[in-house]
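Visitor: Each chain, written out:
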Amino acid sequence: METFLLKDIDNPNSANINFYINNQGGYQSLQKALAMSPAEVIDMVRKANLRGRGGVGFSAGMKWYFCSLNKEVSPKYLIANADEGEPGTFKDRAILEKRPHLLIEGMVIAGYSFGAEYGYIYLRGEYPKAKEIVNKAIQEAYHKGYLGDNILGKGIKFHITVHQGAGAYICGEASTLLESLEGRRGHPRIPYYRLANVGAWGKPTIVNNIETLSNVPLIIKIGPEEYTQIGPAKSPGPKLYSISGHVNKPGLYELPMGTSLRELIYKHAGGIRENRKLKAVIPGGISTPVLPPDKIDCAMDFDSMRNAGSWLGSGAVIVMDDTTCMVKILWRALKFFEHESCGKCVPCREGTGWMRNIVERIEDGKGTDDDIDLLMDIVDNIKDKAFCPLVDGAVTDVESIVTNFRSEFEEHIKNKVCRMVNA
Amino acid sequence: MFSETAIRELEETKARYPDRKAALLPALYIAQKEFGWLGAEAYEEISATLGIPKAAVRGVGTFYSMLKHKPMGRNLIRICTNVSCMILGAEKVVDFLRRKFGLEDGSTTSDSRFSLVIMECIGACAIGPAMLVNDDLYGNLTEKTIEEILSQYS
Numbered sequence: 369m370e371t372f373l374l375k376d377i378d379n380p381n382s383a384n385i386n387f388y389i390n391n392q393g394g395y396q397s398l399q400k401a402l403a404m405s406p407a408e409v410i411d412m413v414r415k416a417n418l419r420g421r422g423g424v425g426f427s428a429g430m431k432w433y434f435c436s437l438n439k440e441v442s443p444k445y446l447i448a449n450a451d452e453g454e455p456g457t458f459k460d461r462a463i464l465e466k467r468p469h470l471l472i473e474g475m476v477i478a479g480y481s482f483g484a485e486y487g488y489i490y491l492r493g494e495y496p497k498a499k500e501i502v503n504k505a506i507q508e509a510y511h512k513g514y515l516g517d518n519i520l521g522k523g524i525k526f527h528i529t530v531h532q533g534a535g536a537y538i539c540g541e542a543s544t545l546l547e548s549l550e551g552r553r554g555h556p557r558i559p560y561y562r563l564a565n566v567g568a569w570g571k572p573t574i575v576n577n578i579e580t581l582s583n584v585p586l587i588i589k590i591g592p593e594e595y596t597q598i599g600p601a602k603s604p605g606p607k608l609y610s611i612s613g614h615v616n617k618p619g620l621y622e623l624p625m626g627t628s629l630r631e632l633i634y635k636h637a638g639g640i641r642e643n644r645k646l647k648a649v650i651p652g653g654i655s656t657p658v659l660p661p662d663k664i665d666c667a668m669d670f671d672s673m674r675n676a677g678s679w680l681g682s683g684a685v686i687v688m689d690d691t692t693c694m695v696k697i698l699w700r701a702l703k704f705f706e707h708e709s710c711g712k713c714v715p716c717r718e719g720t721g722w723m724r725n726i727v728e729r730i731e732d733g734k735g736t737d738d739d740i741d742l743l744m745d746i747v748d749n750i751k752d753k754a755f756c757p758l759v760d761g762a763v764t765d766v767e768s769i770v771t772n773f774r775s776e777f778e779e780h781i782k783n784k785v786c787r788m789v790n791a
Numbered sequence: 747m748f749s750e751t752a753i754r755e756l757e758e759t760k761a762r763y764p765d766r767k768a769a770l771l772p773a774l775y776i777a778q779k780e781f782g783w784l785g786a787e788a789y790e791e792i793s794a795t796l797g798i799p800k801a802a803v804r805g806v807g808t809f810y811s812m813l814k815h816k817p818m819g820r821n822l823i824r825i826c827t828n829v830s831c832m833i834l835g836a837e838k839v840v841d842f843l844r845r846k847f848g849l850e851d852g853s854t855t856s857d858s859r860f861s862l863v864i865m866e867c868i869g870a871c872a873i874g875p876a877m878l879v880n881d882d883l884y885g886n887l888t889e890k891t892i893e894e895i896l897s898q899y900s
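So the sequences go chain by chain: B and D. To convert a position in the first sequence, counted from 1, into this note's numbering, add 368. To convert a position in the second sequence, counted from 1, into this note's numbering, add 746.
Hints in this document: simulated from the structure, not taken from any laboratory. For every residue, glycine included, the Cβ atom is placed at its ideal position computed from N, Cα and C. There could be a bad hint or two in this list.
Unchecked claim - Taking lysine-lysine and the DSSO-like style, the derived pairs with C-alpha atoms no more than 30 Å apart in a straight line are:
{"no.": "1", "chain 1": "B", "residue 1": "K703", "chain 2": "D", "residue 2": "K816"}
{"no.": "2", "chain 1": "B", "residue 1": "K703", "chain 2": "B", "residue 2": "K375"}
{"no.": "3", "chain 1": "D", "residue 1": "K779", "chain 2": "B", "residue 2": "K466"}
{"no.": "4", "chain 1": "B", "residue 1": "K525", "chain 2": "D", "residue 2": "K767"}
Said to hold, decoys possible - Derived list of chain D stretches under chain B, where covered just means 3 residues or more per stretch with a C-beta under 8 Å from a C-beta of chain B:
{"no.": "5", "stretch": "810-822"}
{"no.": "6", "stretch": "828-839"}
{"no.": "7", "stretch": "861-868"}
{"no.": "8", "stretch": "883-896"}
Modelling step: build the complete structure from the supplied sequences, incorporating the hints.
Guide: Shown next as structure tokens:
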């Protein structure tokens, strides 16, 4: 397939504005969009069924439409969410480091459509190189008149600032991101209001994923009819899949939305290392339910993955072969959630630690016969009872791993030892 | 005291937000660059410059795991041990650092050459186990390659 998001990323000039303009037709979509009315741009993105690549899969065009209804309120804000912290995910890094102008172009078009004049890129602290590259690209765009107070002489205003995060997974959650942007601890807000109405500094705000915004120039270029031909019509577009773990060719693959998980693992990623047996797959980052080997014949798009009993998430596939101890995997996942729990609400702050503690003693051969029941009891007590979805990520790992690999937990408890190589 | 460069950088940063409080996280980075780490002096300076109570500055500063709350070595090793890196041997690499340099999570070698921080995912899963040394990213680490890589940092 011809790539769009990852086009020419092996070219050392891929982040340069002249290369983007001269070799890739860059900023032509912006010119086209500015010749349309803002409502027409929103309409086009709605018809293209562009769905949020951060994991929720909500219609980007609908979000922009809600925000555009706040006609009397100014200013409005567009936040590009580059706090890519979901373990297994490294897709936005490629756009930020290799194709920053694609993102900038998408942001200006988005801002124009719903009336935002200020954009912030909330960039995770773990990507220092990306910060340098994006800041350079922003300067280039100002210089060429694609950013500023009078973009392309059309009186359109849009400014972008990079805001560097400092190592907090929870800040990837939209309301938490805004708290962090405003200078507070990363604690989620209670969702009384749509952020599209009351967001950053109390103003209408849109938070979009980097990959989502980077799809916008393509939609404007080819139109919704052609865009919805890429992958399933209700969940279309090119998609970045990050694949890691025990495969022969781990890496980032741009494929049509809806590519099957089996094809991704066995064709594109070259199959399991040393021809070993597949044991488990985390299909969409660590917060998505783990799939056993007999469940990988599913299309990787938002709707099909739900039907398959998991989620598309960020499209981050972690593949595990038969040397892997699933108790250890669950322990590591829970250690992550415990560490990243922001501490605001009790079910998450206490629950993640309790669960990690139980799984840790099972892995260490010190588990007792009622530990699995105790674990599931905690799940019952914290599931759907927290402010934000972080705890649900932890719960979903416990449920899916214990359900699919229960005998492994029982064996650890019975034999009082972990016998796996990779543990 | 903040240097003139730092004060200028802070003023420029403040102008980019509708509310000065939003400059707090950038200010913490600027102070960290200025003082090497965030101690009482750094918090006081930020508090005075931005007009934010010291307790609030400290409260925000201590929330984020990439900010330094004690003096660190000349080179900071940030190594990922999350699932993708773990199943490809990250723990062996951490073990090696323990044996070779006596490094534990959050500790610094006695010659101040290296500090180690165990990270959650650093977004380099396809080249796991992976680490950042200062701002440089390295992947596919083994005991052998990590020794070679670290020899370049003095």
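Visitor: Compare the structure with each hint and give your call.
Guide: To see whether the hints hold, each was checked on the structure:
For a cut-off of 30 Å, the pair hint linking K703(B) to K816(D) stands: about 24 Å separates their Cα positions. In summary, the hint linking K703(B) to K375(B) is not supported, as the alpha carbons are separated by about 37 Å, beyond the 30 Å threshold. A distance of roughly 27 Å separates the Cα atoms of K779(D) and K466(B); the hinted pair therefore holds under the 30 Å criterion. The straight-line distance between the Cα atoms of K525(B) and K767(D) is roughly 24 Å, inside the 30 Å bound, and the hint therefore holds.
Residue count for the stretch 810-822 of chain D with a Cβ under 8 Å from a Cβ of chain B: 4. That meets the three needed, and the coverage hint holds. With 6 residues having a Cβ less than 8 Å from any Cβ of chain B, the stretch 828-839 of chain D passes the three-residue criterion, so the hint holds. Residues of the stretch 861-868 of chain D lying with their CB closer than 8 Å to a CB of chain B number 4, which satisfies the three-residue condition for coverage. Coverage of the stretch 883-896 of chain D by chain B is violated. Counting CB-CB distances below 8 Å, 1 residues qualify, and the rule asks for three or more.
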